[in-house]
Amino acid sequence: MNKKGIELSFNWIFSLIIGAAILILAIYVVSKLIGTEQEIQVAEGSAEFGNLLHPLETSLESGSRPENISFNGEVRIYNKCKTTGQFGVQEISLVKKQGIGKEWPEPKDPTRLATKYVFSEDVLEGKEFYFFIKPLQLPFKIGDIIILWNKKYCFVNPPTEVEEEIKSFNLDTRNIQIASDLRECNKNSVSVCFSTFDSRCNVFVDTTNNIVKKEGKILFYDGPLLYGAIFSKPENYECQVSRLLKRGAFLAKLYSEKSALIATSSQGCSSNLQSDLNVYSNTANAGNPKDLQTIANLAHTLDYQNQMLKCTLWEER
Amino acid sequence: MKKAQLKIQEMAFVLVALFLFFLLIGLFYLSFKIHSFKSSVGNLKEQEAKAMVRKIAATPELRWGECSGCIDLDKALVLKESMSSNKTLEGLWDLEYLAIETIYPAKPDKICNLGNYPECGKLVLLKRNENYGKAYTSFVSLCRWDNEKNSQKCELGKIYAAGRLLNE
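Line by line, the protein sequences give chains A and B. Going by the numbering used here, 5 is the number at position 5 of the first sequence; the sequence numbering is gapless. Going by the numbering used here, 166 is the number at position 166 of the second sequence; the sequence numbering is gapless.
Don't take each hint at face value.
In silico DSBU-like links for lysine-lysine, alpha-carbon gap of 30 Å or less [to be verified]: (1) A:Lys246 <-> A:Lys82; (2) A:Lys127 <-> B:Lys33; (3) A:Lys246 <-> B:Lys55; (4) B:Lys55 <-> A:Lys108; (5) A:Lys80 <-> B:Lys45; (6) A:Lys96 <-> B:Lys38; (7) B:Lys127 <-> A:Lys253; (8) A:Lys310 <-> B:Lys158.
Rather than coming from a laboratory, the hints here were simulated on the basis of the structure.
Extracted from the complex, chain B is given alone in its bound form:
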């Protein structure tokens, strides 16, 4: 083999090696960017759920106008019934799961419906699927019309909300 040919081969190998080196660096950079993008999307979704659970009690479909952070349980029940018959209403909240639970006084551990209300502990407004992920929570007052006392009544409760899953 001539000296010139060897030189050309050497140069070709160096160029290929350099190319592979920069390709590797590019791949590392890409995977790093994809990872950071995924985590920033996750953080944004989490912030969204946190912000929403704080404000969810104030939405017109749930709010009890006399106090801040109070939910109209009667209205929530009829809303749940409407939502179960009309699936397009689920678009009201960009959530996977939304539920209201009575904490005090303790109620029977039953899911609320028109038949057992108000003698039930939990009202599930939205449950798109079983794997809804982490549910964020906030304390609220649950107000309703009390037939026995013939007046309005407020009890202590909690609202649960879970955001959409990232891989959906």
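Only chain A is shown next, with the shape it has when bound in the complex:
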């Protein structure tokens, strides 16, 4: 009879059971720690990106082009726009690609910003992201629109002012290519055709009627919102425009109240603007992007009236 086998089995079985229990516990703790670490990174990434957005505001300039945002590893930026509440909300989450565990953790606890408007695709993935900022004035400053992208774009026959603006931002020609013909565009770039419609174009801009056609949708624009319509997902664009209009409505009400404050001590100076400001406020408060042209016309009239005043209500350049 082989007694060695019986002797070994008791010691070994005992140590194997204890060892396995410890190993299982260790694996469980490590997996939990990895999960927590991923959640921390998601929360930190979102907060960091939110902090990056805070200083992105123009003061007197007509636009600004900060440095590109670069990361050491692959990241995903989730851009969500909501119209709920007084001015809606911009939700931004940033997720870093993980080496262990789940490759792309779920975006959690996004940074919520009530006064930021990021125009982009819903999800951006990569290491480097490009952006520029333009103030929206209708006729007073409503907010700054932040254009964020990381794909290659090709503008075919853009109007001179668009071409000059793109050049003034010193955008890398690899990011936005200006071409005179669609055939000149790089293969993987998103083609944006101005005025001349071509079915091969990804985006078509009708500069006469201030319309952008993208993904089968018609988007109305005015001024710098053109870039928002080109670079963002149509749903995101309409949501951001709606938020901007609501803020415009609030600002118009604020200027109307300011006018009432000044008028009492200045023999009614600026009081003639109050009714037009209220019309503007009521129209914009509906937050309908289709009203953009009506609001732009109202803004034009208001701006003219304001410039005629001695006690100007806003001083936009």
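Chain A is already provided as a structure; the job is to place chain B on it using the hints.
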């Protein structure tokens, strides 16, 4: 007690000791991570407040479009009145406290409202609670319509802003 049993007991004690040792190391690591996470959250919040106070004068609700870092005091006053009647407007800024103070020329030490404006020194736009923490500050120009001179006038002022408390 047999020699084999003693051996088993010894091994069991060693295993338990090892387990406790690694558990302690794990606990130290966890507390260290929680502490560093808390401080990094604190730093991020502080950066947020610093960045905001520099840019706050440029927000459309406060800005005076003729100069950079200038605040439209008339607009700020009507905004304060709107904010006191509509609490949802507090969401405009993710702040605990926001105030504007006239530095020069000196004004009476009174909180501004529609009744005493512009003969008042401080306009408190936002004060969610008394313990708002450290307020960051920046010099600004405060511009308004002057009834006496019948023209626009700018004075020297300061803007104060405090970020949300970490433990909220």
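Which hint numbers doesn't this structure obey? none
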